[in-house]
Each structure stands twice: as structure tokens, then as C-alpha cells.
Amino acid sequence: MIVRIMGEGQVALADSHLAELDRLDDELLAEIESGDGTGFRSTLHALLASVREFGTPLPDDSLEPSELILPSPDATLEEVRAMLRDDGLIPG
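Heads up, the sequence shown stops at 92 in this note's numbering, and the numbers go up one at a time, no gaps.
In short, the hints are calculated from the structure, not lab data.
The beta carbon of each residue, even a glycine, is placed where N, CA and C say it ideally should be.
Be aware that a few hints might be false.
Each pair of labels, with its calculated beta carbon distance range [as the list claims (entries may be wrong)]: (1) D86 <-> H45: 31 to 39 Å; (2) P65 <-> D36: 13 to 21 Å; (3) L63 <-> E33: 32 to 40 Å; (4) S66 <-> H45: 33 to 41 Å; (5) P73 <-> D15: 38 to 46 Å; (6) T38 <-> P65: 29 to 37 Å; (7) D36 <-> P59: 33 to 41 Å.
Could you build the full structure based on these sequences and the hints that come with them?
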């Protein structure tokens with residue numbers, strides 16, 4: 001799966017890591033719904049850190065279609081809320 005973090009570039013991420021990302025995504029969704037700004041910020045950073053840790057960066061000149069687009073680390077709760085689907089940022 002090709003994942004883009006807005007403002008940072010793309011990484012290739014093995015499907016085997018999706019369960020951990022989905023757990024963080026569920027937590028993020030709950031914090032957004034409850035308006036928990038502190039929890040939201042912490043979980044967003046944990047989600048992005050996991051993508052960076054597990055993903056393999058693609059070259060800057062690579063323009064692969066992204067299957068998943070995640071917000072930048074400084075995105076606001078409202079900006080992330082606008083990006084959400086019914087099941088969060090990560091499908092499934």
C-alpha cells in the first residue's frame with residue numbers, strides 16, 4: 001500500500017501493519033468525536049510515527065498513486081474531521 005503523509009511524501013507500507021494503524025485510527029476517530037484535543041494530537045502523532053517506522057520511503061521524484069492520504073502532523077482536529085470517512089482515515 002502506498003501512503004502519503006501530507007507535506008512529507010510517500011511510503012510503501014506492508015498490509016501486515018494495517019491492524020496496528022487501524023487500532024490507532026479507531027482511537028483517533030473516538031477522540032475527534034468526543035472533542036478530545038489533547039488525545040487527538042497524541043494519537044495523530046502516534047499514527048504518523050507508526051507509518052514512518054513501518055513504511056519504506058519512496059524517492060522524492062516518485063509519483064505513485066497514493067492509496068491512503070494522511071494529514072500532516074500539525075493538522076487541526078477540524079481539518080482531520082473533514083478528511084474522515086465513515087470508518088476513519090484508514091479504510092477497513
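To see whether the hints hold, each was checked on the structure:
1. D86 <-> H45: 31 to 39 Å: 24 Å Cβ-Cβ, so the 31 to 39 Å window is violated.
2. P65 <-> D36: 13 to 21 Å: violated, 33 Å
3. L63 <-> E33: 32 to 40 Å: Holds - the Cβ-Cβ distance for L63 and E33, about 35 Å, lies within 32 to 40 Å.
4. S66 <-> H45: 33 to 41 Å: violated, 20 Å
5. P73 <-> D15: 38 to 46 Å: violated, 24 Å
6. T38 <-> P65: 29 to 37 Å: Holds, since T38 and P65 (Cβ atoms, about 35 Å apart) stay within the stated range.
7. D36 <-> P59: 33 to 41 Å: holds, 37 Å
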